[in-house]
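Work the whole structure out from these sequences, hints included.
The residues making up each chain are set out below.
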Amino acid sequence: MRLQRNPQLNANGELIHLLSTEGLSKAVLTHILDTAANFVSVSDREVKKVPLLRGKSVFNLFFENSTRTRTTFDIAATRLSADVINLDIARSSASKGESLLDTIDNLSAMAADIFVVRHNESGAPYLIAQHVAPHVHVVNAGDGRHAHPTQALLDMYTIRHFKGDFSNLSVAIVGDVLHSRVARSNIHALTTLGCPDVRVVGPKTLVPGDMTQMGARVCHDLREGISGVDVVIALRLQNERMSGALLPSAQEFFKSYGLTPERMQWAKPDAIVMHPGPINRGVEIASAVADGPQAVILSQVTFGIAVRMAVMSIVASHDA
Amino acid sequence: MRLQRNPQLNANGELIHLLSTEGLSKAVLTHILDTAANFVSVSDREVKKVPLLRGKSVFNLFFENSTRTRTTFDIAATRLSADVINLDIARSSASKGESLLDTIDNLSAMAADIFVVRHNESGAPYLIAQHVAPHVHVVNAGDGRHAHPTQALLDMYTIRHFKGDFSNLSVAIVGDVLHSRVARSNIHALTTLGCPDVRVVGPKTLVPGDMTQMGARVCHDLREGISGVDVVIALRLQNERMSGALLPSAQEFFKSYGLTPERMQWAKPDAIVMHPGPINRGVEIASAVADGPQAVILSQVTFGIAVRMAVMSIVASHDA
Amino acid sequence: MRLQRNPQLNANGELIHLLSTEGLSKAVLTHILDTAANFVSVSDREVKKVPLLRGKSVFNLFFENSTRTRTTFDIAATRLSADVINLDIARSSASKGESLLDTIDNLSAMAADIFVVRHNESGAPYLIAQHVAPHVHVVNAGDGRHAHPTQALLDMYTIRHFKGDFSNLSVAIVGDVLHSRVARSNIHALTTLGCPDVRVVGPKTLVPGDMTQMGARVCHDLREGISGVDVVIALRLQNERMSGALLPSAQEFFKSYGLTPERMQWAKPDAIVMHPGPINRGVEIASAVADGPQAVILSQVTFGIAVRMAVMSIVASHDA
Numbered sequence: 001m002r003l004q005r006n007p008q009l010n011a012n013g014e015l016i017h018l019l020s021t022e023g024l025s026k027a028v029l030t031h032i033l034d035t036a037a038n039f040v041s042v043s044d045r046e047v048k049k050v051p052l053l054r055g056k057s058v059f060n061l062f063f064e065n066s067t068r069t070r071t072t073f074d075i076a077a078t079r080l081s082a083d084v085i086n087l088d089i090a091r092s093s094a095s096k097g098e099s100l101l102d103t104i105d106n107l108s109a110m111a112a113d114i115f116v117v118r119h120n121e122s123g124a125p126y127l128i129a130q131h132v133a134p135h136v137h138v139v140n141a142g143d144g145r146h147a148h149p150t151q152a153l154l155d156m157y158t159i160r161h162f163k164g165d166f167s168n169l170s171v172a173i174v175g176d177v178l179h180s181r182v183a184r185s186n187i188h189a190l191t192t193l194g195c196p197d198v199r200v201v202g203p204k205t206l207v208p209g210d211m212t213q214m215g216a217r218v219c220h221d222l223r224e225g226i227s228g229v230d231v232v233i234a235l236r237l238q239n240e241r242m243s244g245a246l247l248p249s250a251q252e253f254f255k256s257y258g259l260t261p262e263r264m265q266w267a268k269p270d271a272i273v274m275h276p277g278p279i280n281r282g283v284e285i286a287s288a289v290a291d292g293p294q295a296v297i298l299s300q301v302t303f304g305i306a307v308r309m310a311v312m313s314i315v316a317s318h319d320a
Numbered sequence: 001m002r003l004q005r006n007p008q009l010n011a012n013g014e015l016i017h018l019l020s021t022e023g024l025s026k027a028v029l030t031h032i033l034d035t036a037a038n039f040v041s042v043s044d045r046e047v048k049k050v051p052l053l054r055g056k057s058v059f060n061l062f063f064e065n066s067t068r069t070r071t072t073f074d075i076a077a078t079r080l081s082a083d084v085i086n087l088d089i090a091r092s093s094a095s096k097g098e099s100l101l102d103t104i105d106n107l108s109a110m111a112a113d114i115f116v117v118r119h120n121e122s123g124a125p126y127l128i129a130q131h132v133a134p135h136v137h138v139v140n141a142g143d144g145r146h147a148h149p150t151q152a153l154l155d156m157y158t159i160r161h162f163k164g165d166f167s168n169l170s171v172a173i174v175g176d177v178l179h180s181r182v183a184r185s186n187i188h189a190l191t192t193l194g195c196p197d198v199r200v201v202g203p204k205t206l207v208p209g210d211m212t213q214m215g216a217r218v219c220h221d222l223r224e225g226i227s228g229v230d231v232v233i234a235l236r237l238q239n240e241r242m243s244g245a246l247l248p249s250a251q252e253f254f255k256s257y258g259l260t261p262e263r264m265q266w267a268k269p270d271a272i273v274m275h276p277g278p279i280n281r282g283v284e285i286a287s288a289v290a291d292g293p294q295a296v297i298l299s300q301v302t303f304g305i306a307v308r309m310a311v312m313s314i315v316a317s318h319d320a
Numbered sequence: 001m002r003l004q005r006n007p008q009l010n011a012n013g014e015l016i017h018l019l020s021t022e023g024l025s026k027a028v029l030t031h032i033l034d035t036a037a038n039f040v041s042v043s044d045r046e047v048k049k050v051p052l053l054r055g056k057s058v059f060n061l062f063f064e065n066s067t068r069t070r071t072t073f074d075i076a077a078t079r080l081s082a083d084v085i086n087l088d089i090a091r092s093s094a095s096k097g098e099s100l101l102d103t104i105d106n107l108s109a110m111a112a113d114i115f116v117v118r119h120n121e122s123g124a125p126y127l128i129a130q131h132v133a134p135h136v137h138v139v140n141a142g143d144g145r146h147a148h149p150t151q152a153l154l155d156m157y158t159i160r161h162f163k164g165d166f167s168n169l170s171v172a173i174v175g176d177v178l179h180s181r182v183a184r185s186n187i188h189a190l191t192t193l194g195c196p197d198v199r200v201v202g203p204k205t206l207v208p209g210d211m212t213q214m215g216a217r218v219c220h221d222l223r224e225g226i227s228g229v230d231v232v233i234a235l236r237l238q239n240e241r242m243s244g245a246l247l248p249s250a251q252e253f254f255k256s257y258g259l260t261p262e263r264m265q266w267a268k269p270d271a272i273v274m275h276p277g278p279i280n281r282g283v284e285i286a287s288a289v290a291d292g293p294q295a296v297i298l299s300q301v302t303f304g305i306a307v308r309m310a311v312m313s314i315v316a317s318h319d320a
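Chains as they are written, first to last, in the numbering used here: chain A, 1 to 320; chain B, 1 to 320; chain C, 1 to 320.
A hint or two may mislead.
As the list claims (entries may be wrong) - Heads up, simulated DSSO-like pairs for lysine-lysine below, C-alpha to C-alpha not over 27 Å straight-line:
no.: 1; chain 1: C; residue 1: 49; chain 2: A; residue 2: 49
no.: 2; chain 1: C; residue 1: 49; chain 2: B; residue 2: 49
no.: 3; chain 1: A; residue 1: 268; chain 2: A; residue 2: 255
no.: 4; chain 1: A; residue 1: 163; chain 2: A; residue 2: 26
no.: 5; chain 1: A; residue 1: 49; chain 2: B; residue 2: 48
no.: 6; chain 1: A; residue 1: 48; chain 2: B; residue 2: 48
no.: 7; chain 1: C; residue 1: 268; chain 2: C; residue 2: 204
no.: 8; chain 1: A; residue 1: 48; chain 2: C; residue 2: 48
no.: 9; chain 1: C; residue 1: 163; chain 2: C; residue 2: 26
no.: 10; chain 1: B; residue 1: 48; chain 2: C; residue 2: 49
no.: 11; chain 1: C; residue 1: 48; chain 2: B; residue 2: 48
no.: 12; chain 1: A; residue 1: 204; chain 2: A; residue 2: 268
Said to hold, decoys possible - To spell it out: a stretch of chain C is covered by chain B in this simulated footprint if at least three of its residues, at any positions, have a beta carbon under 8 Å from a beta carbon of chain B; those stretches are:
no.: 13; segment: 34 to 48
no.: 14; segment: 71 to 84
no.: 15; segment: 273 to 281
To be verified - Here are some chain C residues pointing at chain B (derived, C-beta under 8 Å):
no.: 16; residue: 67
no.: 17; residue: 296
no.: 18; residue: 298
no.: 19; residue: 302
no.: 20; residue: 305
Hints listed in this document are in silico derivations from the structure and should not be mistaken for laboratory results.
Idealized CB from N, CA, C, for every residue including glycine.
Now the structure itself:
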């Protein structure tokens, strides 16, 4: 009996869509990181462009607004010499009652090559990937609470850059894990890449129960959570996404889980601090940490461009 | 006595603006369709670009928001290698009380080559065309209830592609003809190209009285309207444009005029079904028809890019 | 004792940011105008592009919306072959509570080369310029009531184009001087370039007291203000910026300060009339003047593209 194939891979096991870090092998993840390494230098050049996607059409389909993430994909595609179409979906035909797949069919008929999709509903990029023609590719730029694979990949790139490899690392993910697609995507990537100790740290109201099954250790105490770790990934407190009283207040959160220089001493002396941004100073992280020598938050942003260039160039080179 | 010249043509009869299909000769329309045929293949290439408009500035002036139509012009201009400036006019100086022609003068002074204009007032693109310098060109992307010539041209391209020529065809345009600039532009194009049997089909409240003068036969009964036709063009029910009680309800409309597989049997067996999009499933068209073998709706979209490339490259090659 | 260096210049006195015309030497201003002269012809070419900034990333950071000004920078950067990222800051992470400098750090980490900044707070571009890395450049596209240096430079270009040089000129700036960053930037530029007679003209409520110290003569009577001048710069009545009762009404303003053909006879017969746009016909200027032979308002727009190309190419060629 033949297993259901991962929708992200073609029959040769090559990446044709990036929908989630879940289900991708260590080899596939490593190939993306290795490819990204070649692209990091492009952004340092006098002419920051390579012609790999020249004449290709990349559609940024942001059903949920995110200027920052959209900009990173826009830059990555432009540096690959693609033509980028930014679609303000909230104001377009989607609001005229057209279905998601009818919108996709229409844009595909304009000869799209890559759809970069951000959607507030989990699974929307999967739906699109299963629908498009074999030469069209989908990159998930964040779907609901489900996944944010390019963020996870740039996090993995950053960790590998600063720590060499994953086989002896302890990594703590701290904060609003419940609402975080970043946390989920990172846990999948870390365990696949061989990280032996992944911890999720936060109050009971913000750390869901299924984390243990995913291979992460749950800690509700910050000291225990970051004790001896090599990497601390602070999550953004998603104020705008929280409904009701999961949390007393931002100040309350900082008092128990905010990263301060004092608390960072619980981690290894050479531990790095990461954050997907934008940071809330004085909520999940103190300014002294965010601006301090252990923070690699801006390196994440820089590597993020290279990782997105890698993902787009890889999927574009394979047909379904 | 010299006749008033058509503002779309120069003294040599060459197309310098595309404002309406009305008043354009069969030769001019056919030249656009023939040129478009050369561009269809560009979107299939590895590098989807030709350098025809390199270094030209195309301004998308959308006084009325339409992400979909704007995107098609953006893509068409980009594939001709033009630089595209998208102006969100609703939020710009127009709202600071500047007049339409002052806005145009300003943008012209920035060395614009082509203005693609969408406006909710009929005639606005004419006003602009009469005002601009001889080397500047205007393409109407829809003005009020008046005209939508690139949509009509892509419809003509689609019909010619599937049916060969117009001289023996019966074409039915079904639905909200009253509010449809697409319907008007299509009737002009069809009669000019020699289509002997053009019918407009819809309830009395949605089919205006001047249709007969334009050379179309008015039918209020769907069966009579599509009986034996080669082409059915379903129009979008413009819910957002209707004021008051011209129509009982969308369901009511579907009951009398919605295209279903059963009703499509009244047309020729090889009839094609077209729609300008976005479609309202279950209102003007049943899903079984929209997704069925007779529908050529997505081909219209594909041909639309080529037709817009043709129009822009033709007008840009002629001075007034 | 070493003087505090002007933040716009590097140790060699070369322009690295354009923040204000204040504090720039005649040599620096003249270099910009001379460079712009070379770019005026680019917009007349068949292919309106030069490769000077190919592969550079220009970020348009408009914290205050201005489609017109953003468009001029977009076009100028595109004609230098740069890649342009337009950021709708009002809807982005700034609204998620991120600080200005955190936003800048993030975008810098994406390998930005030039930030074009419009901000409603005076001084914001200075803050950014002092913060960025040595190879990153800031161009002020208008900050609060403080400065609008590219507008002033295009005004200087226009005056020099039509009047040759500044050493014998009388220039009157008429209208809402109080709210006008254009007026301030123009006064600095005119006095630096050697203009011996700069007048600011308007009602007491709209002409601030510090104008005399800046080297301008204050006139509250229009006849006295424009009597014998070579250049009249009419300012836009900033209706949207005025709070309360500084002014009776637009009609009242026109009665006392509006430029009409009759009043223009008080100036020199060959005087030119300028305006930063968009013009309010019948408020600060009569249509007969705006559309008349003395108006050079559209030339200002054309020269504005060349001046912005000059500024961006100059700052990009120097490191801090």
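The hints, checked one at a time:
no.: 1; hint: C:49 to A:49; result: 17 Å, holds
no.: 2; hint: C:49 to B:49; result: 17 Å, holds
no.: 3; hint: A:268 to A:255; result: 21 Å, holds
no.: 4; hint: A:163 to A:26; result: 17 Å, holds
no.: 5; hint: A:49 to B:48; result: 18 Å, holds
no.: 6; hint: A:48 to B:48; result: 21 Å, holds
no.: 7; hint: C:268 to C:204; result: 25 Å, holds
no.: 8; hint: A:48 to C:48; result: 21 Å, holds
no.: 9; hint: C:163 to C:26; result: 17 Å, holds
no.: 10; hint: B:48 to C:49; result: 21 Å, holds
no.: 11; hint: C:48 to B:48; result: 21 Å, holds
no.: 12; hint: A:204 to A:268; result: 25 Å, holds
no.: 13; hint: 34 to 48; result: holds (count 6)
no.: 14; hint: 71 to 84; result: holds (count 6)
no.: 15; hint: 273 to 281; result: holds (count 5)
no.: 16; hint: 67; result: 3 Å, holds
no.: 17; hint: 296; result: 11 Å, violated
no.: 18; hint: 298; result: 4 Å, holds
no.: 19; hint: 302; result: 5 Å, holds
no.: 20; hint: 305; result: 6 Å, holds
Hint compliance for this structure: hint 17 is the single one not met.
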